[in-house]
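Novice: Residue numbers (my numbering): 1 to 156.
Hints listed in this document are in silico derivations from the structure and should not be mistaken for laboratory results. One should not assume that every hint holds.
List time: in silico SDA-like cross-link candidates among lysine to any residue, alpha-carbon distance up to 25 angstroms [to be verified]:
1. 38 with 25
2. 76 with 90
3. 40 with 7
4. 38 with 27
5. 38 with 51
6. 38 with 26
7. 24 with 12
8. 24 with 13
9. 34 with 18
10. 40 with 55
11. 24 with 8
12. 34 with 48
13. 40 with 50
Label pairs and their computed distance ranges (CB to CB) [claimed, not checked]:
14. 28 with 7: 19 to 29 angstroms
15. 41 with 15: 20 to 30 angstroms
16. 64 with 28: 49 to 59 angstroms
17. 43 with 65: 25 to 35 angstroms
18. 59 with 14: 51 to 61 angstroms
19. 44 with 19: 26 to 36 angstroms
The beta-carbon is built from N, C-alpha and C at its ideal position, and this holds for glycine as well.
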Amino acid sequence: MLNIGMTELLAFGIISLLVLGPDKLPEAARFAGKWYGKLKRMISNVQNDIDRELRLSELREQMQNEMQRIQALEQKMQAQMHELQQQSQPAAAEGQLQNAVPDNKNAPLLYVFLEKPVFLTIYLTAPSICDKEIFKESSINIMPAISLLNEFKVAV
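Whenever a hint applies, use it, and build me the whole structure from the sequences.
Specialist: Structural data, given as structure tokens:
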């Protein structure tokens with residue numbers, strides 16, 4: 001670390017022994033060792049802080065790259081959803097009559113027995129179907145089923 005060889009260290013030890021003497025040399029060596037340890041810990045802490053900051057900056061960069069990628073994917077997804085909506089609008093206009101009839105698998109069946117049918121009344125579960133041009137031209141009387149239910153309301 002300090003690039004000191006063995007001969008230089010031996011020369012330093014002999015000079016310090018002559019200057020300080022045998023009584024104060026162990027005390028000075030402990031003092032120098034403590035300061036050397038503190039200095040080494042401070043240097044390693046600074047290195048660790050620098051490494052942490054570098055890792056944080058790398059993580060920030062990666063996070064920004066991922067955010068940009070996510071935003072690009074979101075824009076693609078929005079464009080695809082917009083395309084699907086554009087495509088489904090004409091299809092919805094064409095298939096409106098098909099989708100107007102609800103799936104009434106769970107609806108109860110209604111049986112009507114007539115002795116003398118003067119006119120035929122059909123009650124439909126979907127009121128929107130009653131307004132269709134097909135039924136207006138026929139002689140069949142079409143009424144929504146809700147109007148039938150209104151007649152049977154009972155106050156409790």
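Novice: Hint numbers the structure violates, sorted upward?
Specialist: Checked against the structure, no hint fails, so every one of them is satisfied.
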